[in-house]
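Just so we're aligned, residue 1 is where the sequence shown starts under full-length UniProt numbering, counting upward by one.
Simulated from the structure, these hints should not be mistaken for lab results.
Among the hints, erroneous ones may be present.
Claimed, not checked - In the DSBU-like style, the derived pairs of lysine-lysine whose C-alpha atoms are separated by at most 35 Å in a straight line are:
#, residue 1, residue 2
1, LYS306, LYS19
2, LYS218, LYS45
3, LYS218, LYS306
Claimed, not checked - What follows is a set of in silico ranges between Cβ atoms, one per label pair, in the way DEER data are often shown:
#, residue 1, residue 2, range
4, ALA300, THR183, 22 to 30 Å
5, ALA26, LYS362, 21 to 29 Å
6, ALA377, ALA85, 46 to 54 Å
The beta-carbon is built from N, C-alpha and C at its ideal position, and this holds for glycine as well.
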Amino acid sequence: MNEALLARYEATLQGLARKDRLRRLAPRAGLDFSSNDYLGLAACKRLGDAVAAAIARGTPVGATGSRLLRGNAPEHEELEAHAAAFFGAERALCFGGGYIANFAILTALPQKGDLLVLDEFAHASMHEGARAGRAQFVLAAHNDVDAVEDQIARWRAEGGMGRVWIAVESLYSMGGDCAPLETLVALADRHEAFIIVDEAHATGVWGPDGRGLAVAFKGRDNILALHTCGKALGASGALVTGPRTLCDYLVNRSRPFIYATAPSPLMAVAAREALAMLADEPMRRIQLHERIAVAGRQLAERCGIKPSGTQIQPVVIGDNRRTMAVAAALQARGFDIRGIRPPTVPEGTSRLRISLTLNVDKAAISAMIDALVEALAQNDQR
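With the hints as constraints, model all of the structure from the sequences given.
Here it is in C-alpha coordinates:
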(Lines of atoms letter the chains of each structure in order from A and count residues from 1; the text may use other names and numbers.)
(Lines give C-alpha, C1' and ligand atoms only; values in the text may rest on other atoms or scores of the structure.)
Protein backbone atom coordinates (compact mmCIF):
# COMPACT_ATOMS: atom_id res chain seq x y z
CA MET A 1 0.00 0.00 0.00
CA ASN A 2 1.38 3.38 -1.01
CA GLU A 3 0.53 5.53 2.00
CA ALA A 4 1.75 8.71 0.31
CA LEU A 5 -1.09 8.47 -2.18
CA LEU A 6 -3.65 8.61 0.63
CA ALA A 7 -1.80 10.98 2.97
CA ARG A 8 -3.76 14.12 2.16
CA TYR A 9 -7.08 12.35 2.69
CA GLU A 10 -5.95 10.80 5.96
CA ALA A 11 -4.78 14.22 7.15
CA THR A 12 -8.19 15.70 6.36
CA LEU A 13 -9.96 12.93 8.28
CA GLN A 14 -7.65 13.45 11.26
CA GLY A 15 -8.35 17.18 11.16
CA LEU A 16 -12.09 16.55 11.20
CA ALA A 17 -11.68 14.22 14.16
CA ARG A 18 -9.77 16.89 16.12
CA LYS A 19 -12.66 19.31 15.54
CA ASP A 20 -15.25 16.70 16.56
CA ARG A 21 -16.62 16.81 13.02
CA LEU A 22 -15.72 13.34 11.74
CA ARG A 23 -18.74 11.58 10.28
CA ARG A 24 -19.40 7.86 10.66
CA LEU A 25 -22.17 5.59 9.49
CA ALA A 26 -24.30 4.25 12.32
CA PRO A 27 -26.92 1.48 12.20
CA ARG A 28 -30.56 2.03 12.92
CA ALA A 29 -31.19 1.49 16.61
CA GLY A 30 -33.72 2.71 19.14
CA LEU A 31 -36.94 4.67 18.75
CA ASP A 32 -37.12 6.74 15.60
CA PHE A 33 -36.51 10.41 16.35
CA SER A 34 -34.20 11.01 13.41
CA SER A 35 -35.80 9.80 10.17
CA ASN A 36 -37.89 11.77 7.70
CA ASP A 37 -40.56 9.06 7.60
CA TYR A 38 -42.99 11.56 9.09
CA LEU A 39 -46.23 9.71 8.32
CA GLY A 40 -44.85 6.24 8.93
CA LEU A 41 -45.43 5.17 5.34
CA ALA A 42 -42.05 3.59 4.57
CA ALA A 43 -42.96 0.25 6.14
CA CYS A 44 -46.75 0.46 5.99
CA LYS A 45 -48.76 -2.45 4.59
CA ARG A 46 -50.62 -0.47 1.94
CA LEU A 47 -47.42 0.75 0.30
CA GLY A 48 -45.87 -2.70 0.49
CA ASP A 49 -48.98 -4.29 -1.00
CA ALA A 50 -48.94 -1.81 -3.91
CA VAL A 51 -45.34 -2.68 -4.72
CA ALA A 52 -45.99 -6.42 -4.34
CA ALA A 53 -48.97 -6.18 -6.71
CA ALA A 54 -46.83 -4.30 -9.22
CA ILE A 55 -44.18 -7.03 -9.10
CA ALA A 56 -46.85 -9.68 -9.53
CA ARG A 57 -48.13 -8.04 -12.70
CA GLY A 58 -44.63 -7.82 -14.16
CA THR A 59 -43.41 -4.33 -13.28
CA PRO A 60 -39.60 -4.47 -13.49
CA VAL A 61 -37.32 -3.58 -10.60
CA GLY A 62 -34.93 -1.57 -12.78
CA ALA A 63 -35.71 1.12 -15.35
CA THR A 64 -32.99 -0.24 -17.73
CA GLY A 65 -32.03 3.16 -19.12
CA SER A 66 -32.61 6.89 -19.10
CA ARG A 67 -36.10 8.29 -19.57
CA LEU A 68 -35.20 9.45 -23.09
CA LEU A 69 -34.16 5.94 -24.08
CA ARG A 70 -35.98 2.80 -22.93
CA GLY A 71 -36.23 3.84 -19.29
CA ASN A 72 -39.54 5.69 -19.68
CA ALA A 73 -41.93 3.21 -18.05
CA PRO A 74 -45.72 3.59 -17.89
CA GLU A 75 -45.39 3.79 -14.10
CA HIS A 76 -43.31 6.99 -14.40
CA GLU A 77 -45.88 8.64 -16.64
CA GLU A 78 -48.76 7.54 -14.41
CA LEU A 79 -47.02 8.99 -11.37
CA GLU A 80 -46.32 12.27 -13.15
CA ALA A 81 -49.91 12.64 -14.33
CA HIS A 82 -51.25 11.88 -10.86
CA ALA A 83 -48.75 14.24 -9.20
CA ALA A 84 -49.53 17.12 -11.57
CA ALA A 85 -53.22 16.82 -10.74
CA PHE A 86 -52.57 16.38 -7.01
CA PHE A 87 -50.31 19.43 -6.71
CA GLY A 88 -52.30 21.56 -9.16
CA ALA A 89 -49.51 21.94 -11.71
CA GLU A 90 -49.42 21.79 -15.49
CA ARG A 91 -46.79 19.06 -15.42
CA ALA A 92 -44.72 16.94 -13.07
CA LEU A 93 -41.33 15.40 -13.79
CA CYS A 94 -39.89 12.42 -11.91
CA PHE A 95 -36.24 12.37 -10.76
CA GLY A 96 -34.18 9.82 -8.87
CA GLY A 97 -33.93 11.97 -5.73
CA GLY A 98 -34.33 15.44 -4.29
CA TYR A 99 -30.62 16.27 -4.36
CA ILE A 100 -30.26 15.57 -8.06
CA ALA A 101 -33.56 17.30 -8.83
CA ASN A 102 -32.46 20.54 -7.14
CA PHE A 103 -29.11 20.31 -8.90
CA ALA A 104 -30.87 19.70 -12.22
CA ILE A 105 -33.17 22.70 -11.83
CA LEU A 106 -30.49 25.18 -10.86
CA THR A 107 -27.98 24.11 -13.48
CA ALA A 108 -30.51 24.15 -16.32
CA LEU A 109 -33.12 26.86 -15.80
CA PRO A 110 -31.34 30.03 -14.58
CA GLN A 111 -29.46 31.26 -17.64
CA LYS A 112 -26.24 33.16 -18.21
CA GLY A 113 -27.02 36.79 -17.47
CA ASP A 114 -29.67 35.88 -14.88
CA LEU A 115 -29.44 36.36 -11.12
CA LEU A 116 -30.12 33.55 -8.63
CA VAL A 117 -30.81 34.66 -5.04
CA LEU A 118 -30.45 31.75 -2.66
CA ASP A 119 -31.50 31.65 0.99
CA GLU A 120 -28.32 31.11 2.99
CA PHE A 121 -29.84 28.10 4.78
CA ALA A 122 -31.19 26.41 1.67
CA HIS A 123 -30.29 22.75 1.20
CA ALA A 124 -26.77 21.79 0.14
CA SER A 125 -28.11 20.55 -3.21
CA MET A 126 -29.30 24.07 -3.99
CA HIS A 127 -25.91 25.52 -3.13
CA GLU A 128 -24.19 22.93 -5.32
CA GLY A 129 -26.55 23.65 -8.20
CA ALA A 130 -26.03 27.38 -7.82
CA ARG A 131 -22.24 27.00 -7.93
CA ALA A 132 -22.38 24.73 -10.97
CA GLY A 133 -24.96 26.75 -12.88
CA ARG A 134 -24.54 29.54 -15.42
CA ALA A 135 -26.35 32.34 -13.60
CA GLN A 136 -24.69 34.74 -11.19
CA PHE A 137 -25.76 33.78 -7.69
CA VAL A 138 -25.79 35.51 -4.33
CA LEU A 139 -26.89 34.51 -0.85
CA ALA A 140 -29.56 36.32 1.14
CA ALA A 141 -29.95 36.30 4.91
CA HIS A 142 -32.26 33.53 6.05
CA ASN A 143 -35.97 34.24 5.61
CA ASP A 144 -35.21 37.94 5.10
CA VAL A 145 -37.35 39.18 2.21
CA ASP A 146 -35.81 42.67 2.40
CA ALA A 147 -32.37 41.10 1.98
CA VAL A 148 -33.59 39.31 -1.15
CA GLU A 149 -34.94 42.55 -2.57
CA ASP A 150 -31.73 44.39 -1.71
CA GLN A 151 -29.71 41.82 -3.67
CA ILE A 152 -32.00 42.23 -6.68
CA ALA A 153 -31.83 46.03 -6.50
CA ARG A 154 -28.02 45.97 -6.22
CA TRP A 155 -27.75 43.64 -9.22
CA ARG A 156 -30.04 45.82 -11.33
CA ALA A 157 -28.12 48.94 -10.32
CA GLU A 158 -24.92 47.26 -11.50
CA GLY A 159 -26.44 46.61 -14.91
CA GLY A 160 -28.06 43.20 -14.47
CA MET A 161 -30.57 42.71 -17.28
CA GLY A 162 -31.66 39.05 -17.13
CA ARG A 163 -34.31 37.22 -15.15
CA VAL A 164 -34.25 36.85 -11.38
CA TRP A 165 -34.60 33.46 -9.70
CA ILE A 166 -35.27 33.05 -5.98
CA ALA A 167 -34.60 29.65 -4.35
CA VAL A 168 -35.88 28.66 -0.90
CA GLU A 169 -37.07 25.72 1.15
CA SER A 170 -40.68 25.96 2.28
CA LEU A 171 -39.78 24.18 5.55
CA TYR A 172 -36.12 24.19 6.51
CA SER A 173 -34.66 20.81 7.30
CA MET A 174 -32.33 21.84 10.12
CA GLY A 175 -34.31 24.66 11.73
CA GLY A 176 -37.89 23.49 11.34
CA ASP A 177 -38.95 27.02 10.38
CA CYS A 178 -40.95 28.02 7.32
CA ALA A 179 -40.25 30.46 4.51
CA PRO A 180 -42.41 33.61 4.20
CA LEU A 181 -43.81 32.38 0.90
CA GLU A 182 -46.63 34.88 0.57
CA THR A 183 -44.24 37.83 0.89
CA LEU A 184 -41.69 36.18 -1.39
CA VAL A 185 -44.30 35.58 -4.09
CA ALA A 186 -45.36 39.23 -3.91
CA LEU A 187 -41.70 40.21 -4.25
CA ALA A 188 -41.28 37.89 -7.23
CA ASP A 189 -44.30 39.44 -8.89
CA ARG A 190 -42.88 42.94 -8.47
CA HIS A 191 -39.62 41.90 -10.12
CA GLU A 192 -41.05 39.42 -12.67
CA ALA A 193 -38.95 36.77 -10.97
CA PHE A 194 -39.19 32.99 -10.72
CA ILE A 195 -39.34 31.15 -7.40
CA ILE A 196 -38.02 27.63 -6.83
CA VAL A 197 -39.56 26.10 -3.70
CA ASP A 198 -38.08 22.95 -2.20
CA GLU A 199 -41.06 21.35 -0.45
CA ALA A 200 -39.09 18.30 0.69
CA HIS A 201 -40.11 18.51 4.36
CA ALA A 202 -43.55 20.04 3.82
CA THR A 203 -44.91 17.56 1.29
CA GLY A 204 -47.27 15.13 2.97
CA VAL A 205 -47.37 17.01 6.26
CA TRP A 206 -48.52 20.56 5.54
CA GLY A 207 -51.14 22.11 3.29
CA PRO A 208 -54.52 20.66 2.26
CA ASP A 209 -54.17 16.87 1.92
CA GLY A 210 -50.43 17.30 2.49
CA ARG A 211 -49.94 19.14 -0.78
CA GLY A 212 -47.26 21.38 0.74
CA LEU A 213 -46.94 25.01 1.75
CA ALA A 214 -46.69 26.35 -1.80
CA VAL A 215 -50.01 24.87 -2.89
CA ALA A 216 -51.71 28.22 -2.28
CA PHE A 217 -49.80 29.50 -5.32
CA LYS A 218 -50.47 26.51 -7.58
CA GLY A 219 -50.79 27.09 -11.29
CA ARG A 220 -48.54 30.15 -11.43
CA ASP A 221 -46.14 30.50 -14.34
CA ASN A 222 -43.30 31.70 -12.13
CA ILE A 223 -43.24 28.97 -9.44
CA LEU A 224 -41.51 25.61 -9.64
CA ALA A 225 -41.81 23.21 -6.70
CA LEU A 226 -39.86 20.13 -5.70
CA HIS A 227 -41.59 17.34 -3.75
CA THR A 228 -39.37 14.53 -2.55
CA CYS A 229 -40.79 11.01 -2.39
CA GLY A 230 -38.33 9.71 0.20
CA LYS A 231 -39.56 11.59 3.25
CA ALA A 232 -43.24 11.74 4.23
CA LEU A 233 -44.17 9.70 1.13
CA GLY A 234 -42.10 6.77 2.36
CA ALA A 235 -40.59 5.84 -1.01
CA SER A 236 -37.68 7.39 -2.93
CA GLY A 237 -37.21 9.82 -5.79
CA ALA A 238 -38.52 13.34 -6.34
CA LEU A 239 -41.13 15.22 -8.33
CA VAL A 240 -40.64 18.62 -9.91
CA THR A 241 -43.97 20.34 -10.54
CA GLY A 242 -44.69 23.56 -12.39
CA PRO A 243 -45.34 25.10 -15.78
CA ARG A 244 -45.22 22.64 -18.67
CA THR A 245 -42.70 24.81 -20.52
CA LEU A 246 -40.16 24.66 -17.69
CA CYS A 247 -40.58 20.90 -17.24
CA ASP A 248 -40.22 20.37 -20.99
CA TYR A 249 -37.08 22.49 -20.89
CA LEU A 250 -35.63 20.24 -18.20
CA VAL A 251 -36.32 17.18 -20.37
CA ASN A 252 -34.36 18.83 -23.19
CA ARG A 253 -31.59 20.67 -21.37
CA SER A 254 -31.06 19.15 -17.92
CA ARG A 255 -28.07 16.83 -18.07
CA PRO A 256 -28.91 15.08 -14.76
CA PHE A 257 -32.27 14.15 -16.28
CA ILE A 258 -31.05 13.31 -19.79
CA TYR A 259 -28.07 11.17 -18.82
CA ALA A 260 -29.25 9.44 -15.64
CA THR A 261 -30.87 6.04 -15.47
CA ALA A 262 -34.55 6.54 -14.67
CA PRO A 263 -35.84 5.80 -11.16
CA SER A 264 -37.11 2.30 -10.48
CA PRO A 265 -40.67 1.83 -11.80
CA LEU A 266 -41.48 0.18 -8.46
CA MET A 267 -40.64 3.41 -6.66
CA ALA A 268 -42.95 5.26 -9.04
CA VAL A 269 -45.70 2.83 -8.03
CA ALA A 270 -44.93 3.41 -4.34
CA ALA A 271 -44.89 7.21 -4.70
CA ARG A 272 -48.20 7.23 -6.55
CA GLU A 273 -49.79 5.05 -3.88
CA ALA A 274 -48.40 7.36 -1.17
CA LEU A 275 -49.99 10.39 -2.86
CA ALA A 276 -53.31 8.54 -2.87
CA MET A 277 -52.86 7.79 0.83
CA LEU A 278 -52.41 11.47 1.62
CA ALA A 279 -55.95 12.10 0.40
CA ASP A 280 -57.43 8.84 1.74
CA GLU A 281 -55.92 8.82 5.22
CA PRO A 282 -56.01 12.35 6.70
CA MET A 283 -55.79 10.90 10.22
CA ARG A 284 -52.08 10.36 9.70
CA ARG A 285 -51.50 14.09 9.43
CA ILE A 286 -53.84 14.82 12.30
CA GLN A 287 -52.02 12.36 14.53
CA LEU A 288 -48.64 13.78 13.56
CA HIS A 289 -49.77 17.32 14.30
CA GLU A 290 -50.95 16.13 17.72
CA ARG A 291 -47.48 14.75 18.40
CA ILE A 292 -45.92 18.02 17.24
CA ALA A 293 -48.09 19.92 19.74
CA VAL A 294 -47.26 17.54 22.60
CA ALA A 295 -43.52 17.74 21.94
CA GLY A 296 -43.57 21.51 21.56
CA ARG A 297 -45.44 22.03 24.79
CA GLN A 298 -43.16 19.76 26.81
CA LEU A 299 -39.95 21.14 25.31
CA ALA A 300 -41.07 24.67 26.21
CA GLU A 301 -42.18 23.79 29.74
CA ARG A 302 -39.35 21.44 30.71
CA CYS A 303 -36.36 22.61 28.65
CA GLY A 304 -37.13 26.25 27.92
CA ILE A 305 -36.81 25.48 24.21
CA LYS A 306 -38.95 27.46 21.79
CA PRO A 307 -41.06 25.04 19.75
CA SER A 308 -40.55 25.19 16.00
CA GLY A 309 -44.22 24.40 15.42
CA THR A 310 -43.30 21.73 12.88
CA GLN A 311 -42.19 18.09 12.88
CA ILE A 312 -38.54 19.19 12.89
CA GLN A 313 -37.43 20.44 16.28
CA PRO A 314 -33.82 21.64 16.68
CA VAL A 315 -32.13 21.73 20.07
CA VAL A 316 -29.22 24.09 19.49
CA ILE A 317 -26.28 23.30 21.81
CA GLY A 318 -23.44 25.07 20.03
CA ASP A 319 -20.34 23.08 20.94
CA ASN A 320 -19.57 20.10 18.70
CA ARG A 321 -18.28 17.83 21.45
CA ARG A 322 -21.17 18.51 23.83
CA THR A 323 -23.69 18.04 21.04
CA MET A 324 -22.35 14.60 20.22
CA ALA A 325 -22.13 13.67 23.90
CA VAL A 326 -25.79 14.53 24.45
CA ALA A 327 -26.76 12.63 21.31
CA ALA A 328 -24.78 9.59 22.49
CA ALA A 329 -26.48 9.73 25.89
CA LEU A 330 -29.91 9.74 24.27
CA GLN A 331 -28.96 6.89 21.96
CA ALA A 332 -27.78 4.88 24.96
CA ARG A 333 -31.25 5.36 26.45
CA GLY A 334 -32.85 3.97 23.30
CA PHE A 335 -33.72 7.18 21.45
CA ASP A 336 -32.30 7.55 17.94
CA ILE A 337 -31.44 11.24 17.89
CA ARG A 338 -28.45 12.46 15.91
CA GLY A 339 -26.11 15.40 16.38
CA ILE A 340 -25.80 17.84 13.48
CA ARG A 341 -22.52 19.73 13.12
CA PRO A 342 -20.89 22.19 10.70
CA PRO A 343 -20.77 22.47 7.76
CA THR A 344 -24.36 21.19 7.67
CA VAL A 345 -25.24 24.01 10.10
CA PRO A 346 -23.32 27.24 10.75
CA GLU A 347 -20.29 27.28 13.05
CA GLY A 348 -21.28 27.50 16.69
CA THR A 349 -24.80 26.14 16.14
CA SER A 350 -24.30 22.39 16.44
CA ARG A 351 -27.58 20.85 17.44
CA LEU A 352 -29.75 17.87 17.98
CA ARG A 353 -32.30 17.44 15.21
CA ILE A 354 -35.41 15.88 16.73
CA SER A 355 -37.70 14.51 14.05
CA LEU A 356 -41.28 13.70 14.98
CA THR A 357 -42.93 10.85 13.12
CA LEU A 358 -45.80 8.40 13.49
CA ASN A 359 -43.19 5.76 14.29
CA VAL A 360 -43.32 6.91 17.93
CA ASP A 361 -46.31 7.61 20.16
CA LYS A 362 -46.95 10.37 22.69
CA ALA A 363 -45.64 8.27 25.58
CA ALA A 364 -42.36 7.77 23.74
CA ILE A 365 -42.12 11.52 23.14
CA SER A 366 -42.53 12.21 26.87
CA ALA A 367 -39.93 9.57 27.73
CA MET A 368 -37.53 11.06 25.19
CA ILE A 369 -37.90 14.51 26.74
CA ASP A 370 -37.24 13.02 30.21
CA ALA A 371 -33.99 11.62 28.81
CA LEU A 372 -33.17 14.90 27.07
CA VAL A 373 -33.52 16.88 30.29
CA GLU A 374 -31.13 14.50 32.05
CA ALA A 375 -28.63 14.37 29.18
CA LEU A 376 -28.46 18.17 28.91
CA ALA A 377 -27.91 18.47 32.66
CA GLN A 378 -25.24 15.76 32.73
CA ASN A 379 -23.35 17.36 29.85
CA ASP A 380 -23.73 20.92 31.03
CA GLN A 381 -20.77 23.19 30.23
CA ARG A 382 -19.36 24.94 33.24
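Status of the hints after comparison with the structure:
no. : hint                          : verdict
1   : LYS306 <-> LYS19              : 28 Å, holds
2   : LYS218 <-> LYS45              : 31 Å, holds
3   : LYS218 <-> LYS306             : 32 Å, holds
4   : ALA300 <-> THR183: 22 to 30 Å : 27 Å, holds
5   : ALA26 <-> LYS362: 21 to 29 Å  : 26 Å, holds
6   : ALA377 <-> ALA85: 46 to 54 Å  : 52 Å, holds
Consistency with the previously given hints is maintained throughout, with no hint failing.
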